[in-house]
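Asker: Numbering-wise (the working numbering), the sequence shown opens with residue 35 and increments by one.
By construction, these hints were calculated from the structure, which means they are not laboratory data.
Pair by pair, the computed Cβ-Cβ distance ranges are:
1) N190 / N85: 24 to 34 Å
2) I453 / D601: 33 to 43 Å
3) P129 / L182: 23 to 33 Å
4) Y221 / L66: 37 to 47 Å
No residue lacks a Cβ here, since even glycine has one placed at the ideal position from N, Cα and C.
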Amino acid sequence: MARPPLPLLLLALGLAAAAKSPYQQVLQHSRLRGRQHGPNVCAVQKLIGTNRKYFTNCKQWYQRKICGKSTVISYECCPGYEKVPGEKGCPAALPLSNIYETLGVVGSATTQLYSDRSNLRPEIEGPGSFTIFAPSNEAWASLSAETLDSLVSNVNIELLNALRYHMVDKRVLTDDLKHGTTLNSMYQNLPIQIHHYPNGIVTVNCARLLKADHHATNGVVHVIDKVIATTTNTIQQIIETEDSLETLRTAVAASDLSSLLESEGQYTLLAPTNEAFEKIPRETLNRILGDPEALRDLLNHHILKSAMCAEAIIAGLTMETLEGTTLDVGCSGEELTLNGKPIIANKDVLATNGVIHFVNELLIPDSAKTVFELAQESEVSKSTDLFRQAGLSSHLTGSERVTLLAPVNNVFKDGLPVIDSNMRNLLLNHIVKDQLSSKYLYHGQKLQTLGDKELRVFVYRNNLCIENACIAAHDKRGRFGTLFSVDKMLTPPTGSVMDVLKADHRFSTLVAAIQSAGLTENLNRPGTFTVFAPTNEAFRAMPQGELNKLMGNAKELANILKFHVADEILVSGAVSALVRLKSMQGDKLEVSMKNNVIHINKEPVAESDIMATNGVIYAVNSVLQPQASRPQERGDEPADPALEIFKQASALSKVSQRNPRLAPVYSRILARMKENSSGF
Numbered sequence: 035m036a037r038p039p040l041p042l043l044l045l046a047l048g049l050a051a052a053a054k055s056p057y058q059q060v061l062q063h064s065r066l067r068g069r070q071h072g073p074n075v076c077a078v079q080k081l082i083g084t085n086r087k088y089f090t091n092c093k094q095w096y097q098r099k100i101c102g103k104s105t106v107i108s109y110e111c112c113p114g115y116e117k118v119p120g121e122k123g124c125p126a127a128l129p130l131s132n133i134y135e136t137l138g139v140v141g142s143a144t145t146q147l148y149s150d151r152s153n154l155r156p157e158i159e160g161p162g163s164f165t166i167f168a169p170s171n172e173a174w175a176s177l178s179a180e181t182l183d184s185l186v187s188n189v190n191i192e193l194l195n196a197l198r199y200h201m202v203d204k205r206v207l208t209d210d211l212k213h214g215t216t217l218n219s220m221y222q223n224l225p226i227q228i229h230h231y232p233n234g235i236v237t238v239n240c241a242r243l244l245k246a247d248h249h250a251t252n253g254v255v256h257v258i259d260k261v262i263a264t265t266t267n268t269i270q271q272i273i274e275t276e277d278s279l280e281t282l283r284t285a286v287a288a289s290d291l292s293s294l295l296e297s298e299g300q301y302t303l304l305a306p307t308n309e310a311f312e313k314i315p316r317e318t319l320n321r322i323l324g325d326p327e328a329l330r331d332l333l334n335h336h337i338l339k340s341a342m343c344a345e346a347i348i349a350g351l352t353m354e355t356l357e358g359t360t361l362d363v364g365c366s367g368e369e370l371t372l373n374g375k376p377i378i379a380n381k382d383v384l385a386t387n388g389v390i391h392f393v394n395e396l397l398i399p400d401s402a403k404t405v406f407e408l409a410q411e412s413e414v415s416k417s418t419d420l421f422r423q424a425g426l427s428s429h430l431t432g433s434e435r436v437t438l439l440a441p442v443n444n445v446f447k448d449g450l451p452v453i454d455s456n457m458r459n460l461l462l463n464h465i466v467k468d469q470l471s472s473k474y475l476y477h478g479q480k481l482q483t484l485g486d487k488e489l490r491v492f493v494y495r496n497n498l499c500i501e502n503a504c505i506a507a508h509d510k511r512g513r514f515g516t517l518f519s520v521d522k523m524l525t526p527p528t529g530s531v532m533d534v535l536k537a538d539h540r541f542s543t544l545v546a547a548i549q550s551a552g553l554t555e556n557l558n559r560p561g562t563f564t565v566f567a568p569t570n571e572a573f574r575a576m577p578q579g580e581l582n583k584l585m586g587n588a589k590e591l592a593n594i595l596k597f598h599v600a601d602e603i604l605v606s607g608a609v610s611a612l613v614r615l616k617s618m619q620g621d622k623l624e625v626s627m628k629n630n631v632i633h634i635n636k637e638p639v640a641e642s643d644i645m646a647t648n649g650v651i652y653a654v655n656s657v658l659q660p661q662a663s664r665p666q667e668r669g670d671e672p673a674d675p676a677l678e679i680f681k682q683a684s685a686l687s688k689v690s691q692r693n694p695r696l697a698p699v700y701s702r703i704l705a706r707m708k709e710n711s712s713g714f
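Start from the sequences and build out the full structure, keeping to the hints where you can.
Answerer: So this is what it looks like as structure tokens:
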């Protein structure tokens, strides 16, 4: 028979490896980490201070932590193998026997004992093909005395039924335990829920597989960490019968979510208790309960799209809710956490269509909050104080569709400004008339404010800005309004570039120069200018003779002034590295940021982002000079590039004199140099 080509063989092997279940992948990693200790040795992480052990994946191996707690590495025989005295590792396979005998070998002697007492032993010793999810010895010991007594006091019915619920009448290995599936148990065909998570954890009715795939002559044994119980109720039925979920029951009925929580599926309900609802201010709770859309968002925010058993959470992970938002689900030791807080009061209450974890805090999504509530919980909390003091809270707490441009707290590090009529008007211009989303904003868009101002949107490569304020964080979209956190107080434009310059005494000389050069109309017309405006101080710094000469030459003055103007708007928030602008004179302007100060052609800017209706102004304390106006090395004549290159290449000139072909060329260039030098 012909052998397959090597590439096809490698592909087949790769596909076979890729088909391994997450559990088998983690087990293989544990084998690799343990192989230095001999054959069939697995590295196991043990949580310090407990008996909890885990096969280790790559991330856990290097972090040495489970649920944030330190672990120690131990080396044990991999499932299905045992030690041989005097030999390294675990070279021998466990003896293949029936399920009853295997239970005693794999750490489930209590299950073996109860199988004997309940008369299950003959069945699991005899012929057949079974799978048993056998509780460990510690699992039986952890049962309450009352529960255990009710089982062992009626061994022929209760205990037998309980054990048969742990069994399936076919051979099922971990590769067959698919996530979200069910197996029919040998007790009244009641379903057993299987979850096989990407991190390699496998659960059976939320009990974790500890030692899996122990083969027996008549089936398979999987050791689990809990005694599992039957479940016949849906999530909705549990809500209806649980006293601590009375308020949730009312909310679910009002939101018409009952049918979802009764339907088939695999959900996780983070069920807020009565106590959780009581912690919310009554006004807030009444607002949400009275708003069907906000209430539905609130409840959907407590429902995860898949069933997540507590045992599967060994590190932080992000889970998506039915509302479309995400929650950070994690653990700290024995406690589960939500968004970093240990608020889960009771975990792993199993239902036929998922699992319930009781939580003692209400998780209110942004979509159910007012803009004011969003701002109070963000890095703009000082802004909320400002708007409250200005008497503008009603715009941020009602059903008005608005977008709040809220400066981040760092803007007010020196204290909040005094509220007067001007400040109140300015704050009104931080509230836009519509509920916006930043991803739909476009360059040149106009936004109307409650203060009747028009704000422009500027889209840059590295930033999105509204006038001089740039968005500093992701949007927070509330029930009726959206929060944009911005990096500074907004300064709406008050007039054209010329209007702004005329109103500022620092630019009186510049205004006179613009009028003298005939450029007033240009800077009054609609446009998108960036003006680097020399202050009076800048003109005073020029030599008097040079200043007089400049002011007396309208053409040269216009040329210099045009070099200070670019025909596009660039606010400071768009400058993170070097930005080049083409001036109206034609030469390039280089704008850069250094030590949090804007520089233009390496000159520091005195003030940035003075907004005008047709542009933005930067105050500069020097008059910028275009390249052509800068003093040359030799008088006012522009240098001859050929002569400059020739003068700097002395080595080349010596070669030229010796080369008969180049000597005439050298002589002609030398003669031109002498002619030019006689003109100085």
